[in-house]
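In order, the protein sequences belong to chains A and B. Residue numbers are given in the working numbering: position 190 of the first sequence equals residue 962, and the series is strictly consecutive. Residue numbers are given in the working numbering: position 273 of the second sequence equals residue 283, and the series is strictly consecutive.
Heads up, some of the hints might be wrong.
With a Cα cut of at most 27 Å, we get these calculated BS3-like pairs of lysine-lysine [claimed, not checked]: (1) B:240 to B:250; (2) B:246 to B:146; (3) B:96 to B:114; (4) B:146 to B:21; (5) B:146 to A:787; (6) B:180 to B:191; (7) A:959 to A:938; (8) B:114 to B:191; (9) B:240 to B:146; (10) B:240 to B:254; (11) A:781 to B:146; (12) B:250 to B:146; (13) A:829 to B:180; (14) A:825 to B:254; (15) A:784 to B:246.
Just so you know, the hints here were simulated from the structure itself, not pulled from any lab data.
These are the residues of each chain, in order.
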Amino acid sequence: MLAVSYFWKRFKRHKPAIVGLIVVFFYIIIAVFGPYIAPYDPVTLHIEDRLQKPSAKYLFGTDAFGRDILSRVIYGTRISMTIGILSILMGVVIGGTMGVIAGYFSYLERIIMFVVDVLLAFPSILLAIGVMTILGPGIYSVIIAVTIRQIPSFSRMVRSVVLSVKNYEYIEAARALGSSNARIIFKSILPNSFAPILVYSTLQIGWNILLAAILSFLGIGVPPPIPEWGRMVAEGRNFLRQAPHIATFPGIAIFLLVISFNMIGDSLRDAIDPKLKI
Amino acid sequence: MALNIILNERKLMINYILRRIMQTIAVLICVSVLIFLMVHMIPGDPARQIAGMDATEEQVTSIRQNLGLDRPLLIQYLRYMRGIVKGDLGRSLRTRALISQELKRRFPYTIILAVFSVFFAGVLGVIFGVFSSVWKYSFFDHFFMMFSLVGVSIPNFWIGIMMILLFSVKLPLLPSGGVPKSFLSVAGVRYIILPVITLGWTIVGMVTRLTRSSMLEVIQQDFIRTAHAKGLPRIKVIFKHALKNAILPVVTYLGLQFGFCLGGAVITETVFSWPGVGRYLLQGVYDRDYPVIQSTILVFSCLFVMTNLVIDISYTFIDPRIRYN
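Produce the entire structure from the sequences given, and follow the hints as far as they go.
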């Protein structure tokens, strides 16, 4: 408890982190209560009101099909937060497992790190595009593509943490006392790896949300009429002259969420250990 | 004794370089296998796609046999690799054009975009990073750090579209897309400004942070204190002594980012209708053009891996403090 309060004291000294936390909390509220907050259905067409500028009736205006942009941005929050959080959880579990095995069992390290090197040989976006081409458009396909993209970096990060922790004297002592490998990993190594994993995960959530938006912008991510922010920006591209608001508001939504996660991640890193090389 | 040490270091360096090259070859072989398998997992029948929806089963079977698609996967892979070695990347299913010719035509555009973006990001990022480190904790430091955070957080496709809105629609100063007949003119350069800023924007932020942290480490060194004590002008100390020592990790990072720019060019080329390889790949994805997808991802990955290898090896020559064992 003392460690947690000490960490919290250091964390809240960073004003940007508090702002980031408030903004993320705000987004979570929108994601959870979106259906009750949104003034209109996000997919209902109001053809007679198409390409309306922001007004009292449509706060963020309407798109080419008369759909309310504000409602679509609100519903899009659920999509982006779901993709961001689920992909991080899956990345931590799969990538973290690979990293722990590679770091702890030296005879498996070479094989696992070779697999990681092969995955890292692809530029991130191209790997995601390749996976989406196989799986086809859809939210779960995007989650899988984004997860696969980050597995190698998680593996490497966790492996390097495990490599340093496993040489500590208390690990040797545990081994000498007859603890099994599983017990050492779960009771000693993983708890000490938690901090860098937490920092790295927070920094990666923003990038995962960005990547999902990129895939949808390119037309291979979340399919229409699901209101994904990247796709909304792509749709707005064709109406920049007459209705620039269509592309503007979803972009601002992406930016604010991603920068908030990045501010939290930066401050977490400084609060936990400024010398942490992440 | 000293000669023995030098010879030993040289031997270790050569061994390290050879090990990296062998590792890279192994990675590239696995990458080619993975891409081949990925493409074969894409739903749909390429033979049916070529023949058309109205073709008979016999026509589809005949096309499948001509293309070797009825052979075992291993044979198909070996035939494909034999073609790669000869420089034959196959033909597009949609246009029937040679993919190698198409890549030769398009690659210069992608390379131009990547090179200028890295240059732009390097110059701006280093300047911001140096000022940020020299005026640590000042308003400028906080401003540049916030700028770098914004840089990595803002979606680059959105910033590209916003710049089109501002500089092409509202203030018609710059073209919204396409390429000029020649880049070697003022009119030609105007076409590259927005795409370069869009692609390089994200890297500026990271370069700023890296330069700042690298400069802060170097500025605290004794030799900088000595330079100040000798009465050298501050600007000379910062740019001639400190930056020269701090720039190495930044240059390495920029080299690696060149590979990132090759992949990230897909987005920029889409926003600005830039006729590069990224757009060619995306069109291939839309058309389910398997040979195009397979070949372009393979070529991109090879370039990415080779760039990383060159950076790794050049580092062994540049920094004598590295140990190779």
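Pair hint residue 250 of chain B and residue 146 of chain B, alpha-carbon separation not exceeding 27 Å: holds (19 Å)
Residue 240 of chain B paired with residue 146 of chain B [C-alpha distance capped at 27 Å]: holds (23 Å)
Sort out whether residue 246 of chain B lies within 27 Å of residue 784 of chain A, counting only the CA atoms. violated (39 Å)
Is the Cα-Cα distance between residue 96 of chain B and residue 114 of chain B 27 Å or less? Satisfied, since the Cα-Cα distance of roughly 15 Å is no more than 27 Å.
Just to be careful, I want the Cα atoms of residue 146 of chain B and residue 21 of chain B compared with a cutoff of 27 Å; is the pair within it? violated (43 Å)
Check whether the Cα positions of residue 246 of chain B and residue 146 of chain B lie no farther apart than 27 Å. Cα-Cα ~18 Å, so holds.
If you draw a straight line from the CA of residue 240 of chain B to the CA of residue 250 of chain B, is it 27 Å or shorter? holds (14 Å)
Below or equal to 27 Å on CA atoms is what counts here, so check residue 180 of chain B against residue 191 of chain B. Within the cut-off at roughly 25 Å; holds.
Straight-line Cα separation of residue 829 of chain A and residue 180 of chain B no greater than 27 Å? Roughly 26 Å between the alpha carbons, so the hint for residue 829 of chain A and residue 180 of chain B holds.
Is the straight-line distance between the alpha-carbon of residue 825 of chain A and that of residue 254 of chain B 27 Å or less? violated (53 Å)
Pairwise hint evaluation, residue 191 of chain B against residue 114 of chain B, where the allowed Cα distance is 27 Å at most: Holds, at roughly 17 Å.
Below or equal to 27 Å on CA atoms is what counts here, so check residue 781 of chain A against residue 146 of chain B. OK: residue 781 of chain A and residue 146 of chain B at ~24 Å, within 27 Å.
Hint violations for this structure: numbers 4, 14 and 15, all remaining hints satisfied.
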